[in-house]
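Asks: Starting from the given sequences, assemble the full structure and let the hints guide the process.
There are 6 protein chains.
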Amino acid sequence: MEHSHRQEHTDGGMVVIQANLDDMNPEFTSYITDLLLAAGANDVYWIPIIMKKGRPGIMLNVLVGEEGIAAMEQVIFAETTTLGLRYIRAECHRLGREFFRVETCFGPMTVKVGYHQGKVVQFAPEFRECEEAARLHKVPLKEVYEEVRSRYRSAAGPLV
Amino acid sequence: MEHSHRQEHTDGGMVVIQANLDDMNPEFTSYITDLLLAAGANDVYWIPIIMKKGRPGIMLNVLVGEEGIAAMEQVIFAETTTLGLRYIRAECHRLGREFFRVETCFGPMTVKVGYHQGKVVQFAPEFRECEEAARLHKVPLKEVYEEVRSRYRSAAGPLV
Amino acid sequence: MEHSHRQEHTDGGMVVIQANLDDMNPEFTSYITDLLLAAGANDVYWIPIIMKKGRPGIMLNVLVGEEGIAAMEQVIFAETTTLGLRYIRAECHRLGREFFRVETCFGPMTVKVGYHQGKVVQFAPEFRECEEAARLHKVPLKEVYEEVRSRYRSAAGPLV
Amino acid sequence: MEHSHRQEHTDGGMVVIQANLDDMNPEFTSYITDLLLAAGANDVYWIPIIMKKGRPGIMLNVLVGEEGIAAMEQVIFAETTTLGLRYIRAECHRLGREFFRVETCFGPMTVKVGYHQGKVVQFAPEFRECEEAARLHKVPLKEVYEEVRSRYRSAAGPLV
Amino acid sequence: MEHSHRQEHTDGGMVVIQANLDDMNPEFTSYITDLLLAAGANDVYWIPIIMKKGRPGIMLNVLVGEEGIAAMEQVIFAETTTLGLRYIRAECHRLGREFFRVETCFGPMTVKVGYHQGKVVQFAPEFRECEEAARLHKVPLKEVYEEVRSRYRSAAGPLV
Amino acid sequence: MEHSHRQEHTDGGMVVIQANLDDMNPEFTSYITDLLLAAGANDVYWIPIIMKKGRPGIMLNVLVGEEGIAAMEQVIFAETTTLGLRYIRAECHRLGREFFRVETCFGPMTVKVGYHQGKVVQFAPEFRECEEAARLHKVPLKEVYEEVRSRYRSAAGPLV
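Residue numbers (my numbering), protein chains in the order written: chain A, 7 to 166; chain B, 7 to 166; chain C, 7 to 166; chain D, 7 to 166; chain E, 7 to 166; chain F, 7 to 166.
Any given hint could be a false lead.
The list treats identical chains as interchangeable, and a pair is accepted whether it falls inside one copy or across any two copies.
[What the hints assert, rightly or not] The calculated lysine to any residue pairs, modelled on SDA-like cross-linking and capped at a C-alpha distance of 20 angstroms, are:
no., residue 1, residue 2
1, K118, S156
2, K144, Q13
3, K125, R107
4, K144, C98
5, K59, D40
6, K58, E109
7, K125, V81
Think of the hints as simulated: they come from the structure by calculation, not from any bench.
Replies: The structure is reproduced here in structure tokens:
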């Protein structure tokens with residue numbers, strides 16, 4: 007098992023940018039998500055909401071550092087239909103992260119591991135690699151996923 | 007307490023018409039609901055769904071008798087963006103219904119009562135009247151609603 | 007094309023008031039939305055949530071300036087069933103807005119235009135006028151909407 | 007590994023009973039689910055929907071055999087606020103099922119296995135047992151779950 | 007009618023902890039909710055969201071005082087699959103609360119009452135007691151609920 | 007404007023296959039959608055639901071002709087975690103469809119047109135082409151979309 011490293015830490019100075027959209031073609035959402043991530047968003051997610059006159063709208067949420075606000079606005083005002091935005095201050099706690107390579111019956115695969123106070127609390131197979139292996143080997147994706155988890159667990163021991 | 011009557015019965019020959027919409031402005035939904043009800047729909051409701059490429063769409067559902075299908079299609083194809091519809095056969099069981107008038111401290115109000123096998127199982131204040139009384143008397147809507155329920159219950163006895 | 011004007015700006019001192027409701031009759035939501043808007047709310051929206059014991063609740067969200075908090079509380083405590091509220095600080099970025107009148111085959115119609123850094127980024131037909139025109143002329147609402155957008159675009163040029 | 011057995015099969019004559027509820031206290035949902043399951047429902051689930059006037063309602067869905075309809079109606083009319091029901095005919099395809107016992111570091115645990123055309127396609131730890139073990143041993147539930155899956159997989163081989 | 011008391015007040019120093027989960031087995035949610043409440047959370051709720059690549063995720067929300075953050079993190083990192091958290095500052099306004107006992111045809115029952123500026127604005131039957139009475143007396147839960155509300159209202163007078 | 011053609015028609019013998027999933031990693035949804043479409047599904051969509059014990063599950067829906075059921079089952083049982091399926095019979099009404107090419111300031115683009123009883127009722131720009139043009143010309147996607155709609159409308163006339 008090889009690895010690369012990043013420390014557990016908390017980022018102050020984060021912002022959740024929100025926009026309620028009740029007149030935008032929902033087809034546009036994935037394109038907008040991709041543009042925002044490419045422009046530096048830490049995360050992008052959409053929440054189904056009910057707006058004035060009972061309209062089924064969607065709320066865009068963009069998590070970004072304060073220094074990235076202007077870039078996000080550029081995308082949001084250009085690509086969505088909103089006439090306004092909300093900013094909500096946030097802090098982000100991020101676990102320490104390492105990537106391990108484990109040997110599996112589908113070849114070597116990557117596992118992302120999360121550390122809280124120096125202890126492993128999460129491990130997750132790299133999803134895109136699992137999809138590729140499932141397609142290549144013509145096996146269920148869930149079988150690949152389970153194989154990778156199982157191999158990591160055998161090598162690294164249980165979480166407790 | 008006065009009243010009007012309708013028997014409990016089951017309607018065969020009902021249809022749920024469904025259309026998945028991922029490219030329609032959600033502002034249009036309430037206008038479309040009103041047109042469909044005016045054109046004879048028994049009920050109209052919308053279900054948030056997730057469509058191809060993870061798009062947050064909405065599914066239109068129209069409950070109508072078979073004889074009303076053509077009228078519904080006229081509205082749906084003209085007013086939504088769909089290129090197709092699904093029909094699913096259904097039967098509808100409808101409780102016997104009566105409307106009662108009860109005296110309340112906000113004046114006489116209507117209660118809709120539902121009967122299953124001759125027994126009262128539901129009673130509901132007429133919502134629009136409660137809204138009007140709440141506005142007129144400048145009291146909480148929930149207080150009006152509770153008053154009407156309470157008066158009906160005193161007059162008619164508990165459900166058990 | 008005539009117009010009226012408002013500058014792009016950011017309001018600090020906004021608040022999102024939230025209440026999780028798991029024991030309120032959902033019929034009450036639109037009445038409460040209307041009361042809150044009439045009492046000065048900038049925006050009101052509802053989010054479907056899952057609460058303790060897996061109950062499908064709804065979260066009321068009210069966006070308002072700090073000076074409006076007391077008025078909102080008056081309505082929320084009187085009209086909903088909540089025993090508490092959350093306040094979350096927010097800032098609101100609002101685009102510059104102008105209203106234009108454009109000539110269409112359904113008569114003169116209003117378009118709301120949004121400006122970011124002096125550039126047009128949004129334009130939206132006034133929805134209520136489109137609904138009225140659609141009813142009056144017995145044409146699909148989407149046709150009216152498209153006609154207004156198309157006329158504005160011809161007059162004002164594309165967004166790029 | 008011990009086991010008990012049930013064949014893969016398809017049940018015709020199933021019905022999905024649906025009721026749209028826009029005036030029921032959502033607190034009632036889990037109580038109603040339990041009553042319906044106790045009265046013989048095969049499955050009960052709730053779908054968030056948007057009803058007339060933009061009300062955020064919930065749709066009750068009960069899956070049951072035709073012979074169970076009357077018992078379900080008894081519960082639904084007594085316990086919900088609905089004035090009507092829809093029946094939609096369905097067929098149910100059920101996998102063959104076996105229960106295995108596997109040895110784990112938390113003691114012997116049950117795994118439910120699903121067969122399609124004689125081949126194992128699913129296996130799932132018995133959830134309640136995992137919860138109990140997690141509480142008893144003061145370890146994360148996900149660790150127990152993973153341990154059980156991993157032990158079954160070692161004993162029975164991969165799905166492919 | 008007996009009672010116990012707590013004053014209306016506002017708590018500064020509250021936090022909403024959020025985690026977006028797109029790779030967690032949804033079966034785990036109720037177990038995690040229970041652990042968080044046992045560890046001192048004021049409230050726990052889940053919001054359905056749409057995440058990267060259109061995945062239908064769920065957002066965990068935990069409301070807690072600042073002093074409880076470490077305890078919540080312990081549970082969240084151990085039991086969910088998240089690699090990070092957001093903290094959003096909040097203030098909580100809590101109504102004054104009293105519990106009353108009222109005589110009903112199902113025996114004495116508890117009602118929770120909420121006060122805003124010294125005035126009763128809410129009253130709610132203790133839900134668990136209503137469930138027990140409904141089971142014991144084999145009557146609809148809604149009948150028990152209504153009886154308790156009606157008795158409280160007769161004793162204490164309307165809200166207005 | 008060139009074109010290709012397909013008649014308006016109704017397909018009997020369609021089926022909606024449904025599976026309620028409360029223990030599947032939501033990351034798997036888009037992969038499964040793609041496999042089902044590749045295996046011949048007419049449409050695939052997911053509905054957020056609330057299952058036993060208040061679990062936030064998702065319901066898989068696959069629309070397919072009867073002859074495609076076995077192929078869908080193969081994928082669903084292999085790739086999801088379900089132990090069973092429901093089939094609901096449906097008919098599908100599909101509009102006549104033509105594809106037109108229109109000249110725009112971003113080059114020639116495709117518009118899909120829908121006919122009901124020989125009359126144009128829908129037209130929609132080919133979404134993937136709009137995305138490509140927006141990326142290539144570095145303009146907002148909504149501007150490309152509007153340009154294509156506007157050009158088609160100028161060439162073909164309004165819907166009324």
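Asks: Quick one: K118 to S156, C-alpha cut-off 20 angstroms, is that within a copy, between copies, both, or neither?
Replies: both (14 angstroms within a copy, 19 angstroms between copies)
Asks: Within, between, both or neither: how does the pair K58, E109 come out at a Cα-Cα threshold of 20 angstroms?
Replies: neither (54 angstroms within a copy, 28 angstroms between copies)
Asks: Up to 20 angstroms between alpha-carbons, please classify K125 paired with V81: within, between, both or neither.
Replies: Answer is between; shortest inter-copy Cα gap is 14 angstroms, intra-copy 39 angstroms.
Asks: Measure nothing new, just compare the shortest in-copy and cross-copy C-alpha distances for K59 and D40 to 20 angstroms and report within, between, both or neither.
Replies: Only across copies: K59 and D40 sit 9 angstroms apart there, 30 angstroms inside one copy, limit 20 angstroms.
Asks: Using 20 angstroms as the alpha carbon limit, work out where K125 and R107 are close: within a copy, between copies, both or neither.
Replies: Only inside one copy: K125 and R107 sit 19 angstroms apart there, 31 angstroms across copies, limit 20 angstroms.
Asks: How would you classify K144 and Q13 at a CA-CA limit of 20 angstroms: within, between, both, or neither?
Replies: neither (37 angstroms within a copy, 27 angstroms between copies)
Asks: Can you tell me if K144 and C98 fall within 20 angstroms by alpha carbon in one copy, between copies, both or neither?
Replies: So K144 and C98 fail the 20 angstroms test inside a copy (39 angstroms) and across (28 angstroms) alike.
Checked against the numbered hints listed earlier, the structure breaks hints 2, 4, 6; every other hint is satisfied.
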